[in-house]
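There are 2 protein chains.
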Amino acid sequence: MKIYRYPVKDTWTELVKRPVFEREEISGLIAEIFAEVENKGDKALIGFNKKFDKAETKSIAVTEEEINNAENELSNDLKKAIQQAKDNIFKFHDSQNPEIQKIETTKGVVCWRENRAIEKVGIYIPGGTAPLFSTVLMLAVPANIAGCEEIILCTPPDKNGAVNPAILYTAKLCGVSKIFKTGGAQAVAAMTLGTESIPQVYKIFGPGNQFVVAAKEYAQRYGVAIDMPAGPSEVLVIANEQAVPEFCAADLLSQAEHGSDSQVIFLTTDLKVFNETISAVEQQIKDLSRNEMAGKALENSCFILLNSLEEAVEFSNLYAPEHLILAMDEFEKYIPMIQNAGSVFLGNYSCESAGDYASGTNHTLPTNAYAKNYSGVSLDSFVKKITFQHLSKRGLQNLGKTIKVMAEAEGLLAHKNAVSIRLKK
Amino acid sequence: MKIYRYPVKDTWTELVKRPVFEREEISGLIAEIFAEVENKGDKALIGFNKKFDKAETKSIAVTEEEINNAENELSNDLKKAIQQAKDNIFKFHDSQNPEIQKIETTKGVVCWRENRAIEKVGIYIPGGTAPLFSTVLMLAVPANIAGCEEIILCTPPDKNGAVNPAILYTAKLCGVSKIFKTGGAQAVAAMTLGTESIPQVYKIFGPGNQFVVAAKEYAQRYGVAIDMPAGPSEVLVIANEQAVPEFCAADLLSQAEHGSDSQVIFLTTDLKVFNETISAVEQQIKDLSRNEMAGKALENSCFILLNSLEEAVEFSNLYAPEHLILAMDEFEKYIPMIQNAGSVFLGNYSCESAGDYASGTNHTLPTNAYAKNYSGVSLDSFVKKITFQHLSKRGLQNLGKTIKVMAEAEGLLAHKNAVSIRLKK
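Protein chains in written order, with our numbering: chain A, 177 to 601; chain B, 177 to 601.
Simulated from the structure, these hints should not be mistaken for laboratory data. All clues given are correct.
No farther apart than 27 Å at their CA atoms in a straight line, the calculated lysine-lysine pairs in the BS3-like style are these:
#, chain 1, residue 1, chain 2, residue 2
1, B, Lys278, A, Lys278
2, A, Lys283, B, Lys255
3, A, Lys255, B, Lys577
4, A, Lys267, B, Lys561
5, A, Lys255, B, Lys283
6, A, Lys256, B, Lys569
7, A, Lys278, B, Lys256
8, A, Lys448, B, Lys600
9, B, Lys278, A, Lys256
10, B, Lys283, A, Lys267
11, B, Lys561, A, Lys193
12, B, Lys509, A, Lys278
13, A, Lys600, B, Lys462
14, B, Lys216, A, Lys193
15, A, Lys561, B, Lys262
16, B, Lys262, A, Lys283
17, B, Lys267, A, Lys577
18, B, Lys561, A, Lys278
19, B, Lys256, A, Lys601
20, B, Lys348, A, Lys577
21, A, Lys283, B, Lys267
22, B, Lys278, A, Lys262
23, A, Lys569, B, Lys267
24, A, Lys569, B, Lys509
25, A, Lys262, B, Lys569
26, A, Lys509, B, Lys283
27, A, Lys601, B, Lys448
28, A, Lys561, B, Lys278
Using the sequences plus the hints, can you model the full thing?
Set out below in C-alpha cells:
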C-alpha cells in the first residue's frame, strides 16, 4: 500500500499515473496467427486448441447437445440469479432505445436519426480460472435488444475440450446464435476473417489477455470495429465520515482480486475512516481465496487523505477511474462534479459487485484513463445511428441560397449546381 | 463509367468492392514526425510549415487580430449563409441531448446515464484548394453543445503564413478556443503530445490526406481517441421512374468533384432514367471547373440497372455507402429496409450538398463500408455517457442473493463478500 497524507496538487499528476506495462513485442506473433487462420481456417483453430489450450477438439462449433446439457449442470439458484441479472440488464439497456425525433431545422427541411443494428457481432469470453458468464450477459443482452442478426461467441475449451456450462447456458438464454471453441488471438482472427464454421463479424467485443487485446487492435486493419481499448481493471473510492470502513475495504478488495495488475485507489477526508479502512483491508484479505493476487494488487494501491470532497472528486477526474464509488450518504452534490468515470456507485450500499453482475448497468467499461474519452458498452455500441433528411421543394428553396453560397466559397461548383438545377425546374 | 445491366446477385460482392489503395509505408515517417514534435515542440512545427507548406510562420498560434480581421474579408452573403447553416446544425445536434432517464431495475436499485463532455478536443481542417469551413461548423458546433472546455483547431498556413478567413471566422463564431497554423501529421502529433502553444487533447476530429489519416491512427497509441477511420468520399443513388435524371447526374457529379478517388454508384430500375442520367452526366461534366478530377472519379463509377427497388436497397446495404440518395417520390416504404448507410437523402429535392452544408445533419460520415459498424459524427462523439447506480439498503437486499450466487460461481469471493458484509450490518 502507498499511503499519502494531504499531498499537494503539484504531485497529483504523478500519483494518478498508471504503471506502464512493458508491452511485449507480439505483433509478429499476432500476424502469424492471423495468416494461419486465414490459410487453414478451422484446421488452424483445432491446432491452436491443442497447442495453447492442451485441448483435443474435433470440431470448433459447440453442438446443440452440449448447449442443452449445460442447463442440467447449473443449480437452480444460479439459474435464478442469471435470470434476475438478465432482466435488470435488459431493462436498463432497453431504456437506451431512443424515440425517433424528427427536427424541422428550416421550414420544409426535416432531419432525424434511426438506429440500425450492426448485423454481425462477435463476443469473446476468456477462459482461465473464472468462467465469465456475467460478461456474456453484458454483451449478448444489448446485442439482442439492438437486433443484431448474428451474435456469435468464441471461448477457449478446457483441457477436456469442453466449455463451462454457465457460459453455454447464459449464451443460449441471451440469444447467441453460435458458440465456438477457440480462444486467444486465434479466436479474434477467426471472427475477423471467417472460417468454414465461424462467420466473419463487423464488430468484436469482450475482454482478454494481452494477446486478445493485441489481436483486437490488429483486427481493425481489416475494417472490423472493436468495443474499446483495454487495460487492467480499476476502482477509486471516495469516502467521507459517513462511510463504513469495512464496506470500503471489501470494495477495494473485490477490485484487487481481479488480478495482480488491478488498480485500487482510496480517497478520504476523514482520518478515522482512513485508518480503519486500511486496517479492515489488512484484516479481510486474510480470508480471501485469491489473496495472493489481491495482495500483489494492493502493493500498488494508493490510500490518500485529502482536505475536501471537492478535492477528492478533482483527483478522481484527473485519474478517470473505470469504477468510482462515492461511499457516503450525501452524494447528490458531487454528481455534477464528476467529469471522467466509467460507472459510478452512489452511497454506502452500492457496491461495485452490484454493477459487475446485476444492477443493470454494463460492466464493460473504459480503463486506463480512457474514461476521459470513451464511454462504456451500451446499446449504442451495437447500433449505427443513421441520419435521414427530407427536403421538400419549398425546403430546398429556403435553404438553396445558403448551400450555393457556401459551395461556391469552398470552390465546389458541382455541389452548387445540384441545387441550382433543382431550383430552376 | 462501368455499366451493368441486371447483374446476377452472385456478382454483387465483386461489384461492391472498393478499389484497394496502395497504402504507402509511411509509418516510419509518422513516427519521426511525432518524435520531432515531442522533442522540439513549436519549433518543429515552424520547421514543418517551412518544409511542407512553404510558409514562414513566426508563431504557431493565430493572433486575435488575425481572427478579428477575418470577418471583414467575408461577404455578407457568406456570413449569412454560415449563420443559417450553423443554426440548423445547432438545432439538430442539440436535439441529440437526451433527458436523463432513471430506471428502477429492481425495487431500490436505480440506474441512469449522464452525458459528460470530453474536456479537450482537437479539430483538424485540411488546407489545399477548398477551405473547408463547413467542416469547422460540423465539428465545432456539436463540441460546443456538448460543453467541451477546450476546442482547438489546427490547419496549415498558406504560402503567406495565413489561414483562410472563412475558416477563422467560422471557428470564432462556433466557440473554438484556439487556432493554430500547423497541418498534416505534425498537427495531429502536436494535438496528441502538446507543445508550448498547443494543448494536448483527448480526441481528434477531422478529415485529411493519407498522412493525417495515418497520424490519427498512430495517435491512438498515446491514448487519444479519434472520430473514425477514413476513406474516400462516396455516394450511392437509387432512382426509380419518378427520379429526374438531371438531378441524379448533378448529385453524382457533386460527389465526383471531391477527388479522383471518389466513389459514385447509380442504381435504377428504369431504363429511361438509366440512359438519360448517363447522358446528363456526360453533358454536365463539361461545365465543371473541377472536371478533370470528376472525370477520373467517374472512370470507376458504376451505373447499374436492377430489377426492383428492393434489390437496389439490398445492393446498397451490401455496399454500405457514406451517402445514400433515394431519388423518388415514394421513398417511405424503403426506409426500414436501409441497414447500412451514413446519411440518407430522401426524395428528389434532398440533394447531398444540402447535408454537406446546411440541412443540419453532420457531414462527417463513415466511408469505405464503415457504415456497417460506425455511425457518423454526432453530439455523442463529443461526450462520454457515464452510468450511475444507487442501491438503497432494501435494494441491495433485493439483489444481494443474485450477486452472491453469481460471484461465487465465477470464483470471485471478495465480490461476494462486498455484499455479505453489507447485509450482515
